[in-house]
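With chain A held as given, fit chain B onto it using these hints.
For the record, the sequence lines run as chains A and B.
Heads up: the first sequence is residues 1 to 150, going by this note's numbering.
Heads up: the second sequence is residues 1001 to 1073, going by this note's numbering.
There's no promise every hint is true.
[Said to hold, decoys possible] Below are the DSSO-like pairs computed for lysine-lysine, each with C-alpha atoms no more than 27 Å apart in a straight line:
id	chain 1	residue 1	chain 2	residue 2
1	A	Lys139	B	Lys1059
2	A	Lys146	B	Lys1063
3	A	Lys148	B	Lys1036
4	B	Lys1012	B	Lys1063
5	B	Lys1063	A	Lys79
6	A	Lys148	B	Lys1059
7	B	Lys1012	A	Lys139
These are computed hints drawn from the structure, not numbers from a lab.
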Amino acid sequence: MLELFEGPVPVEKTLARWYKEEDKSNYGAFIPFIGTIRDEDGIDGLSFDIYEPILNSWYEAWQKKAAEVGAILKMAHSKGDVPLHKSSYIAAVFSPKRRVALEMIDEFVEDFKASAPIWKYDLRDGKRIYAKDRSTAIKGSGLLSKVKDK
Amino acid sequence: MVRVEFLGPIQKDTINLEATTLNDVAEFLSKDTELKSWIENCAVAVNDTMVMDLNTALKDGDKVSLLPPVCGG
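Just chain A, with the same shape it has in the complex (with noise of 0.2 Å):
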């Protein structure tokens, strides 16, 4: 299930829950990822922007191809503001056996960053900039700009 948070995740308690849902279900293995806000660059946070709709749909084809080696995904992320040495995104996968698992975190983090539809800015004075140069492109872009004249 994908969770949404106004804010920073509260870690300690949702990979408790985690953990709890699923210390029945004959998993072999848990593997947690914990991103932090770090201090650099002089900035004051992070701040989120999420388009739900297509961030659902693209959890949902990531937790079917989990379903087909056996394992299960959970996430959970922060909409607007998040201060430093906080976590706005954790996830986990819960396989059978730890190889699954952990090829599986390293594959849908590193397409989370590249494809998930957040958008991310750093917050500076009181104002929200648009983290252009850590962001990326994704894949399909520039399709307007390859406008066919008539």
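Showing chain B alone in chain A's frame:
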């Protein structure tokens, strides 16, 4: 009419226009100089499904979304 939405950091209001293909939308948006730098880096969805073809047919009530470069986490 087709509705065109600009997501995330593109500070632009929704536009409604007559279009029968995605190419019609591309042609219309190409006249907007403010959008030029965005268009080159935006992915496109029709009714919340990503599309890769300018010949994609559009009908009355369809929603076209422009998705600029992303960075979750």
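Going through the hints against the structure:
Between the alpha carbons of Lys139 (chain A) and Lys1059 (chain B) the distance comes to roughly 25 Å, so the proposed pair stays at or under 27 Å and holds. Distance check on the hinted pair: Lys146 (chain A) and Lys1063 (chain B) sit about 20 Å apart at the alpha-carbon level, within 27 Å; holds. Distance check on the hinted pair: Lys148 (chain A) and Lys1036 (chain B) sit about 16 Å apart at the alpha-carbon level, within 27 Å; holds. Restraint check for Lys1012 (chain B) and Lys1063 (chain B): the C-alpha separation of about 15 Å stays at or below 27 Å, so the hint holds.
Restraint check: the Cα-Cα separation between Lys1063 (chain B) and Lys79 (chain A) comes to about 23 Å, which is no more than 27 Å; the hinted pair holds. The straight-line distance between the Cα atoms of Lys148 (chain A) and Lys1059 (chain B) is roughly 19 Å, inside the 27 Å bound, and the hint therefore holds. Taken as a hint, the Lys1012 (chain B) and Lys139 (chain A) pair is honoured in the structure, with Cα atoms around 23 Å apart against an allowance of 27 Å.
Against the hints set out earlier in the document, no violation occurs for any number.
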